[in-house]
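Student: Here are the chains, one letter per residue:
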Amino acid sequence: MAANPADLSAALVLTPVPAADWLVVLPPAWCILAGAVLLMLRKSVRLQALIAIPALAGLVVIDALLLAHVAANGPVTMVMGRWLPPFGIAFTADLTGVLFALAGAVVALAGGVHALADIDASGRRYGFYPFLLLLMAGVSGAFLTGDIFNLYVWFEVLLIASFGLITLGSEPRQIDGAIKYAFLNLIATTLFLVTTGYLYGIFGTLNMADIAAKAAAGRAELPLMTLATLYFVAFGMKAAAFPVNFWLPASYHTPRVVVSALFAGLLTKVGIYALLRTLVMLFPVEREELSFLIVLVGVATMLLGALGALGQSDIRRLIGYVVISGIGVMLAGLSLGSPGGIGGAIFYALHSMVVMTALYMAAGLAGRLAGSFDLNSLGGLYGRSALFSALSLVLFFAAAGLPPFSGFWPKVMVAKAAIDIGAWWLAAAVLATGFLTTIALGRVFALAYWRPAPMALPVQTMPAGALLPLVLLTALTVGFGLFPERLMALVQHAAQGLADPRAYIGSVFPEGK
Amino acid sequence: MEFPFVLLIGLFFAAAVYLMLSKFLVRVLLGVVLLGNGVNLLLFTNGRILREVPPIIPQGHDVPATLTANPLPQALILTAIVISFSFFAFLLVLVYRAYQDLGTDNGNEMRLAEPEDDPLPPTGY
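Chain order of the listed sequences is X and P.
If you count the first sequence from 1, you need to add 1255 to reach this note's numbering.
If you count the second sequence from 1, you need to add 1 to reach this note's numbering.
Any given hint might turn out to be false.
[Claimed, not checked] On the chain X side, residues computed to face chain P include the following (Cβ under 8 Å):
hint	residue
1	Asp1276
2	Val1280
3	Glu1411
4	Leu1441
5	Gly1622
6	Gly1626
7	Thr1693
[Said to hold, decoys possible] Stretch-level coverage of chain P by chain X, calculated; a stretch enters the list once three of its residues show a Cβ under 8 Å from a Cβ in chain X:
hint	region
8	5-12
9	20-29
10	32-41
11	44-54
12	67-81
13	105-115
FYI, nobody ran anything at the bench for these hints, they're computed from the structure.
Yeah, the Cβ is synthetic: ideal placement off N, Cα and C, and Gly gets one too.
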């Protein structure tokens, strides 16, 4: 290269990347690799689960190692092709992203194990496990990327994998649900792309750390409010916030139950994560301006979600509304903007990933054991399995936010942050939502579990091993309900990292650009 | 140079929204295609329309000799085209399959997942 006089040190990373930093790109790379292998072995139905479940367990281990690395050393960055940021696409793992990625990996592992009993041979031949691994590639990539256009690409990766999962089985009902899901989600991601186009036109960069620094410097002249509002609409649609939530109850009850469980755990939370990343880290001043709108949307989402749950007789649709109501609590935390509010939103998102997945799994098992998903004909579940009923009750309480389970603490954090700024009505709305959710889910327990079966339906036995992931997820919600201190400290640390992204920017631009 | 493009993008978006408001899925699908193309033009325009000079640095230079076209929006658009085309292909199959299975392409008549006579939950124990 002697003929080239250009100084490469200004554009390329010339030192080798430390081995530990490779962990940043490993989660999506690992998932794509495992997904590709599974796709090639699509015809070997027996091998699918044998490869996929260890791969998902490996993903949990990778994300846990990454969490330990990030918790000890702060945000970690790696750039593709050794191009220095802002030219190369950066992957930046900070505490928020890694916490979401780890919770997502745990949920996916539970889903993969649960699918052993829920997805039959034809579903596996259709490609359930490759789709699941590619979905996880998209989800992990979205949580770890440090480039906003790259975030869009990961959104599309997870969206196309979710299309495969939602149509798995190809029943007419699923096609109907999939149409609404596909069109509305595609419009939301297109809106995300529109906003990213404007963002590029304004900043001339797509690197999130670069944007955060440039936005802080040039806030007075730049039309950042447009960007913040458009991102709020686009990601609000992905997160199923009122009034753009109607795709969720139209579609989430149609696919296989384990697919619903994975969607409820992963997809809407990616929307919340993107909202946190853009509105809190990139555009904090604009979020402050928008906070009244966000809080209105949040309160409407949580209350209407809980009221919607009260009006459903299909337990899968009912849980869909409970998912929506949880999104409202996260938006309320987001609108507050204080470390308590943002930390509460992150904690609630992590809790919701675990509990909503487990709730759908419980609904699927209830449907198998009682032969129906309809509250009018469900009954007698307590007599059939006391252990399963106890697990379900714990999950119902956790979803409603009752102590001593994991849903309680984030609601306390959000309610306290609301009272701290005098917004007692917001705290009241959070409590009212918890009350309505308790009624909706308590009624499910009374009717489906305690009541003797009103009619004899053809029932199936509990498949062996299907309880295992449910026990794992319930243990997590009980564990973090009883011992929340570690996680609470972590999410508060994560919230501070979002509100003050100096460490994030410093990890992308070590020279202090 | 940007101004006519802005008008064109507005036209694309207006037509896309008009088509997507239709209850017939084929029109919605065409709306989605127009929207995707409108967004591609938007990305292109946001990268600023500069000189029609390829961004190639002559031998012996460290920087381009003249003002060149911005290559980054083209990379973004290429990505977006690939993605929107694959989504279009998937949605086309999905809509065709819905037409076969549900016998209609009218969104209002697709009430299989959310039936109009959905029973209410029991009010008593």
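Student: Run every hint past the structure and note whether it holds.
Tutor: Checked hints:
no.: 1; hint: Asp1276; in the structure: violated (25 Å)
no.: 2; hint: Val1280; in the structure: violated (18 Å)
no.: 3; hint: Glu1411; in the structure: holds (5 Å)
no.: 4; hint: Leu1441; in the structure: holds (6 Å)
no.: 5; hint: Gly1622; in the structure: violated (15 Å)
no.: 6; hint: Gly1626; in the structure: violated (16 Å)
no.: 7; hint: Thr1693; in the structure: violated (15 Å)
no.: 8; hint: 5-12; in the structure: violated (count 0)
no.: 9; hint: 20-29; in the structure: holds (count 3)
no.: 10; hint: 32-41; in the structure: holds (count 4)
no.: 11; hint: 44-54; in the structure: holds (count 5)
no.: 12; hint: 67-81; in the structure: holds (count 5)
no.: 13; hint: 105-115; in the structure: holds (count 6)
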